[in-house]
Amino acid sequence: MNLGKVVGTVVATRKESSLDGLKFMLVKHVDPEGKETGGQVVAVDAVGAGPGELVLIATGSSARQTLATKDRPCDAVIMAIVDSWEIGGTEKYRKD
Amino acid sequence: MNLGKVVGTVVATRKESSLDGLKFMLVKHVDPEGKETGGQVVAVDAVGAGPGELVLIATGSSARQTLATKDRPCDAVIMAIVDSWEIGGTEKYRKD
Amino acid sequence: MNLGKVVGTVVATRKESSLDGLKFMLVKHVDPEGKETGGQVVAVDAVGAGPGELVLIATGSSARQTLATKDRPCDAVIMAIVDSWEIGGTEKYRKD
Amino acid sequence: MNLGKVVGTVVATRKESSLDGLKFMLVKHVDPEGKETGGQVVAVDAVGAGPGELVLIATGSSARQTLATKDRPCDAVIMAIVDSWEIGGTEKYRKD
Amino acid sequence: MNLGKVVGTVVATRKESSLDGLKFMLVKHVDPEGKETGGQVVAVDAVGAGPGELVLIATGSSARQTLATKDRPCDAVIMAIVDSWEIGGTEKYRKD
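Residue numbers (the numbering used here), protein chains in the order written: chain S, 1 to 96; chain Y, 1 to 96; chain G, 1 to 96; chain R, 1 to 96; chain Z, 1 to 96.
It is worth saying that the hints were derived from the structure and are not from the lab. Just so it is clear, the structure is predicted and the values come from calculations on it, not from any experiment. Accuracy of the hints is not assured; some may be wrong.
Note that the list lumps identical chains together, so a pair holds whenever it fits in one copy or between two copies.
List time: in silico DSSO-like cross-link candidates among lysine-lysine, alpha-carbon distance up to 27 Å [unchecked claim]:
1) K35 / K95
2) K23 / K35
3) K35 / K70
4) K35 / K92
Throw the hints in and build the complete structure from the sequences for me.
So, in structure tokens, the structure goes:
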């Protein structure tokens, strides 16, 4: 999985019908220090993530292993909202 | 998924027969500001996208989860046409 | 899919037996202007492509969705030979 | 697979329910000399790896081929803890 | 597939049990001129490859389409040993 930060939303009315009702979030990748890496992805939200939240993104066929995305043409999903992470015992991020 | 802009079409008469009737679009990746990133992909069109439109592209096995692409040797599909997106409440793109 | 140019062939006698009879082609990636990007891949030929031809390459599990590659340890396949492509109405490539 | 070094842990309470009980590890990629490459991944731990250990990471659908990760939205798994590796007969790493 | 050169071996005693008996090889990617590109991968050996040999590597789910790797958490496999390759009729590599 990749660490990412939800920064926005994408609206698409005309789409494969199996995608109706899904929410597309614009997510920027962050590194273990919490800094944006320059990469980004549009991911379906499976957990109710909101703007500014740090999340985990699963990609590829694994992005279809949620109730929301099963058998749909979706290659990236937000499957967890990050509470915190630490490196070598030092907390690098904690959600407010 | 990746944001992309449809810029052209690819014609290929001689191909795996399961691909007959599919439309191959040349799509350039764009970043959240709408600028081209330098990357591109040839994607099957599953939603009737046209030149100049901003779209979402699903890749890998997820590209085969549309009616048009199921069980076909296709690793990239246009599965949505983008109406708009916003970052931090600021609209970055809206389709004319 | 990626645009590529067939530049050579790879011979491998000792291989997983399910691959017997398949032809491995050396393919260099090209960009929408037809210029080589520096990337390359070894792909199984499913359509009778020859040296110098521009082709489409499907990768990942999609590379196994041809008659030639089904259930085989193959992650890249030539599934179409390109006749032409255009960008913004301008023809960028046409096969002789 | 990629060589990686476990450097930390990620906590995520709100997640797809099938992920309950899994442990998310922050892993930095290392090259054959054991140096960090700058890349990283968040991987589910399937083998009881701990901080500082060198591990192998499998990604994509292969990350779901462990007892811990089967059918779950997980695209990276620690499936082995590295004891040692050698290049050209020279040992490059041995676990203490 | 990617061209690679087998440069070493990785030993991992503690691993997902389905991987018992498999051999992990350290493989450096090479370009069509046979030069190392700087990339590398740890791949399961399905064909009896040895140090110094040039090989083909399949990745992703395709890496599980060999007798050795089926249903295992393996995302890269050596599925062929390269005898030779040519570009434009010029032999670039031949195994001794």
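Just pull the numbers of the violated hints for me, sorted ascending.
Number 3 only.
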